[in-house]
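A.B. asks: First to last, the sequence lines map onto chains A and B.
Each residue of the first sequence is one higher than the last, beginning at 7 in our numbering.
Each residue of the second sequence is one higher than the last, beginning at 8 in our numbering.
Wrong hints could be hidden among the right ones.
Mimicking DSS-like on lysine-lysine, the simulated pairs with C-alpha atoms at most 27 Å apart in a straight line are [stated by the list, open to error]:
1) B:Lys-234 <-> B:Lys-305
2) B:Lys-263 <-> A:Lys-127
3) A:Lys-88 <-> A:Lys-283
4) B:Lys-263 <-> A:Lys-283
5) B:Lys-263 <-> A:Lys-88
6) B:Lys-234 <-> A:Lys-127
7) B:Lys-234 <-> B:Lys-50
8) B:Lys-263 <-> A:Lys-211
9) A:Lys-88 <-> A:Lys-77
10) A:Lys-77 <-> A:Lys-283
11) B:Lys-305 <-> A:Lys-127
12) A:Lys-127 <-> A:Lys-211
Everything labelled a hint here was simulated from the structure, so no lab data went into it.
All values derive from a computational prediction rather than experimental measurement.
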Amino acid sequence: MAQPTISTAAAPDAPAPAPVRSKSAQKRRNRYVVAPLVLIGVNVVLFLVFFVWPGALGLLYSFTDYRGIGKLHFIGLANFQKLFADAGFYAALGRTFVYTVLSVPLVYLCSLGVAALLVSKAVRGRTAAKMVIFLPWLISPIVVGVIWKWLFGQDFGFVNFVISTFGGNPLPWSSDGNLALAVVIFASAWGGTAFNMLLFIAALKNIPESLLEAAELDGANAWQRFRNVTLPGIAPTSFMVILLSTIHAMKEFAMIQALTGGGPGTQNTLIVQYIYKTGFEQSKVGYASAASMVLMVVLLAIALIQLRFNRKKG
Amino acid sequence: MATAANLPPAVAEEPALGVERASATHGSRKTRHRPGNTELRAKASLPLTVLMWLIAALYALPLLWFLLSSFKPGSELFSYPLSMIPREWTFQGFVDAWERVDFAQYFLNTATVSIVTTVLTVFFSACTGYALAKYNNRGTRLFFVCILATTMLPTEVILNPTFSVIRDLGLYNSLAGIIVPSVLTATGVFMFRQFFLTVPDDLLHSARIDGAGELAIFFRIMLPLSKPILFTLAIFSFQWRWNDYIWPLIVLNDPKWYTLQVALRSIVGAENIDWPVLLGASVISLLPLVLVFFVFQKYVLNADVSAGLKD
Chain A
7 MAQPTISTAA APDAPAPAPV RSKSAQKRRN RYVVAPLVLI GVNVVLFLVF
57 FVWPGALGLL YSFTDYRGIG KLHFIGLANF QKLFADAGFY AALGRTFVYT
107 VLSVPLVYLC SLGVAALLVS KAVRGRTAAK MVIFLPWLIS PIVVGVIWKW
157 LFGQDFGFVN FVISTFGGNP LPWSSDGNLA LAVVIFASAW GGTAFNMLLF
207 IAALKNIPES LLEAAELDGA NAWQRFRNVT LPGIAPTSFM VILLSTIHAM
257 KEFAMIQALT GGGPGTQNTL IVQYIYKTGF EQSKVGYASA ASMVLMVVLL
307 AIALIQLRFN RKKG
Chain B
8 MATAANLPPA VAEEPALGVE RASATHGSRK TRHRPGNTEL RAKASLPLTV
58 LMWLIAALYA LPLLWFLLSS FKPGSELFSY PLSMIPREWT FQGFVDAWER
108 VDFAQYFLNT ATVSIVTTVL TVFFSACTGY ALAKYNNRGT RLFFVCILAT
158 TMLPTEVILN PTFSVIRDLG LYNSLAGIIV PSVLTATGVF MFRQFFLTVP
208 DDLLHSARID GAGELAIFFR IMLPLSKPIL FTLAIFSFQW RWNDYIWPLI
258 VLNDPKWYTL QVALRSIVGA ENIDWPVLLG ASVISLLPLV LVFFVFQKYV
308 LNADVSAGLK D
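This is chain A alone, in the form it adopts within the complex:
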């Protein structure tokens, strides 16, 4: 607004086009600022209200002994001190790491393997196979948990039935902590393959066939071609799949809620469930927020490490 006024005041005798042009330029610039603002407006508000506000509030809570009602009462770092001496917290965090370290490679291998088969023109019936393998994507984490609980039921499950049919001893899938975690890991691979498979299929199709042909002509065998041409070619996708699966595994909640409820006992309670239990079931909001802050730092650290690793390799 100010600019055209000044320019007309400074050069009252100037030829007409100049101020007119600057005025229209100004108007156009305004349009370019106002239009995007209108377009992103709603999402900016949502971002502030449901992201910045809770984030700040969470940080604030972590320094208080807030229990969901009443005034905030600051207690400094007491929550964090208590947290770092809390065996339950370490157990949950440790179990989450174990789960992540085991499930992410499995998801990665399954989705890449399936994708490689599905882009291979030597395989018949790829469209149908793709659809079958994609079906678990439609199923909610809760129902995935229910399906696998049903399959691996200790007394009535299909798997134990098959084991005993072949003369083996039924395994304690739900009363043994490690076996229960194994079922959770299988279920996560089953449910997580579909989406990552799509990412890999897109990436594999983008690898120039001439590269593979050239490697073939140079006498590279299938494994060498895969190792030296395909794998580097899909590196960005691999990175993305690993990063997303890691974050996903670190915050696993719904599927475990349905599958084991964190059991047997609290052996397979993962970190988000721990936060939910302390924050909502026991109303220790301040304490749970402190645990959330630690989880956030862990997630950020993982993301940064993987980014650094990715950049170094690239």
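Since the structure of chain A is provided, determine the placement of chain B on it from the hints.
C.D. replies: Using the frame of chain A, we list chain B on its own:
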């Protein structure tokens, strides 16, 4: 295709293991024996096909067992020896699930949330994605970084404070409390941004020269162009919201507002699980998504889903 014509004999698909390699003497260009004039590359490999279908069967097994079990009467569910195919087919589990656990209500709640949220998400993601792609100023650049940050800080990390916010806004225990916070999704925004980056700026310039307003350009030209992305995101969003568990869990208190996932969890979390009802209820809860998927599957299976996530 052109390369295929140039180099027919040596082309062996990457996973076509030893079988094909053994016969493809490397570097040689002589045409190999082949049935008729069919493309060599399309030659089927039996071991690979069998492997693929074994894997597919492995993936299908848990679901198939689950589906078939849901048609068994309660008495047969636990009677040894188990049989894959129900000895007696019944719909009793579905009927019980529908009537006993107020399932119709949960179904309606979930459908309301999923549809409303999806419409809002698609619309606002398109707006935001377009603005981020076609207007390059400090504001849009900053907001792009903000959206990127949301992917690093998932809801699960800020459960309690988010609950406080919802409560203070008066959205607690209402469907709006699930809908409003779910509208902004980074994936949706990135999908549209990525798409609009590929739309030539010339289109925008010529529309401006013709005197179209900025918003009119978006609504009349750009939005219709983005139809494929629109469908893809719609299906994704519908799946996210239909299957969402953690938001409804913290926002809803009154069972009459429960969504399917929360209701299912309350059945499976019970001391004595009512398996016939749980099986029936779970299968019913899958149907709408399966239906949507089979109608719109090309928007999912053929979509370059990485577009939105690659940034």
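A.B. asks: Run every hint past the structure and note whether it holds.
C.D. replies: Status of the hints after comparison with the structure:
For a cut-off of 27 Å, the pair hint linking Lys-234 (chain B) to Lys-305 (chain B) stands: about 13 Å separates their Cα positions. Restraint check: the Cα-Cα separation between Lys-263 (chain B) and Lys-127 (chain A) comes to about 51 Å, which exceeds 27 Å; the hinted pair is violated. For the proposed pair Lys-88 (chain A) and Lys-283 (chain A), the alpha carbon gap of about 16 Å is at most 27 Å, so the pair holds. A threshold of 27 Å between alpha carbons decides the hint, and for Lys-263 (chain B) with Lys-283 (chain A) the separation of about 23 Å falls inside it, so the pair holds.
Taken as a hint, the Lys-263 (chain B) and Lys-88 (chain A) pair is broken in the structure, with Cα atoms around 39 Å apart against an allowance of 27 Å. Of the supplied pair hints, the one linking Lys-234 (chain B) and Lys-127 (chain A) is violated, its CA atoms being roughly 30 Å apart against a limit of 27 Å. Of the supplied pair hints, the one linking Lys-234 (chain B) and Lys-50 (chain B) is violated, its CA atoms being roughly 37 Å apart against a limit of 27 Å. At most 27 Å may separate the alpha-carbon atoms for a hinted pair to count; Lys-263 (chain B) and Lys-211 (chain A) exceed this at roughly 48 Å.
Restraint check: the Cα-Cα separation between Lys-88 (chain A) and Lys-77 (chain A) comes to about 21 Å, which is no more than 27 Å; the hinted pair holds. The straight-line distance between the Cα atoms of Lys-77 (chain A) and Lys-283 (chain A) is roughly 22 Å, inside the 27 Å bound, and the hint therefore holds. Of the pairs offered as hints, the one joining Lys-305 (chain B) and Lys-127 (chain A) holds, with about 20 Å between alpha carbons and a cut-off of 27 Å not exceeded. Under the criterion of a C-alpha separation no larger than 27 Å, the hint pairing Lys-127 (chain A) with Lys-211 (chain A) is consistent with the structure, at around 11 Å.
Hints 2, 5, 6, 7 and 8 from the list above are not met by this structure, while the remaining hints are.
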